[in-house]
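**Q** Numbering that gives the first Met the number 0 numbers the first residue of the sequence shown as 0 and each following residue consecutively.
FYI, nobody ran anything at the bench for these hints, they're computed from the structure. Be careful, since some hints might not be right.
[To be verified] Have a look at the derived ranges for each label pair, beta carbon to beta carbon: (1) PRO164 x GLY125: 23 to 29 Å; (2) PRO129 x GLY150: 31 to 37 Å; (3) THR46 x ARG162: 22 to 28 Å; (4) ASP44 x PRO129: 30 to 36 Å; (5) GLY71 x GLU163: 22 to 28 Å; (6) PRO164 x VAL128: 24 to 30 Å.
Here a beta-carbon is modelled for each residue, glycine too, at the ideal position from N, C-alpha and C.
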Amino acid sequence: MAATLVAAAAALALVAMIVLNHQGETWERYKTSSAAPLTFEYPGDWTVRTHQDLFAVASPHATEFEKLFVAGPAADWTTVSQIVSDEPDSAAGLYVQVSDTLDAGGTSEQMKAKMDALLPGQVDVGRPVPDQAGNSPATRFDGALRDPVTGTRLGFVSYVIDREPKTMLVMYFCAKATCDDATQARIRQSVHVS
């Protein structure tokens, strides 16, 4: 009988812990800007940085990723490499940029060439897949950004959305082998292009 009571108490404690852990999970909504003319939901413990009219990034390490993305192909990955090494679960976020060089109808090779010019490190891009980003038709490209010096890797799931006057890149990145997770799915479903 005592063993049954202990097991029941342990089960009840586990349920309470799960409920309390998920109770604090809040989400915020990004407000549209010239750099990122859309709205989307993101975890409440993330910070958003809008870099002038160039791009927006949301992440637990938004300042560090802003510095990485603003530097482009020649970026210094030192700080991000440390985050990936020490806190891989928090090395995630969303990057949004408008560009007149991106093409939702492009091939993997075309997208790689365009992303190589825009994004930090070396870019690997998978094949294009027709998809949806919130309320907009989009082309999905999965891939990775890789630092040629340290080998640090950020996987990504990106959506290229045709819109006027410029095409938009919405890219969820993470330090995992695949970034197709529940956070990415919720952000993608919440996208509303302005």
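**Q** If a hint holds in the structure, say so; if it does not, say that too.
**A** For each hint, the structure was consulted:
no. : hint                        : in the structure
1   : PRO164 x GLY125: 23 to 29 Å : 28 Å, holds
2   : PRO129 x GLY150: 31 to 37 Å : 32 Å, holds
3   : THR46 x ARG162: 22 to 28 Å  : 26 Å, holds
4   : ASP44 x PRO129: 30 to 36 Å  : 33 Å, holds
5   : GLY71 x GLU163: 22 to 28 Å  : 25 Å, holds
6   : PRO164 x VAL128: 24 to 30 Å : 25 Å, holds
Checked against the numbered hints given earlier, this structure breaks none of them.
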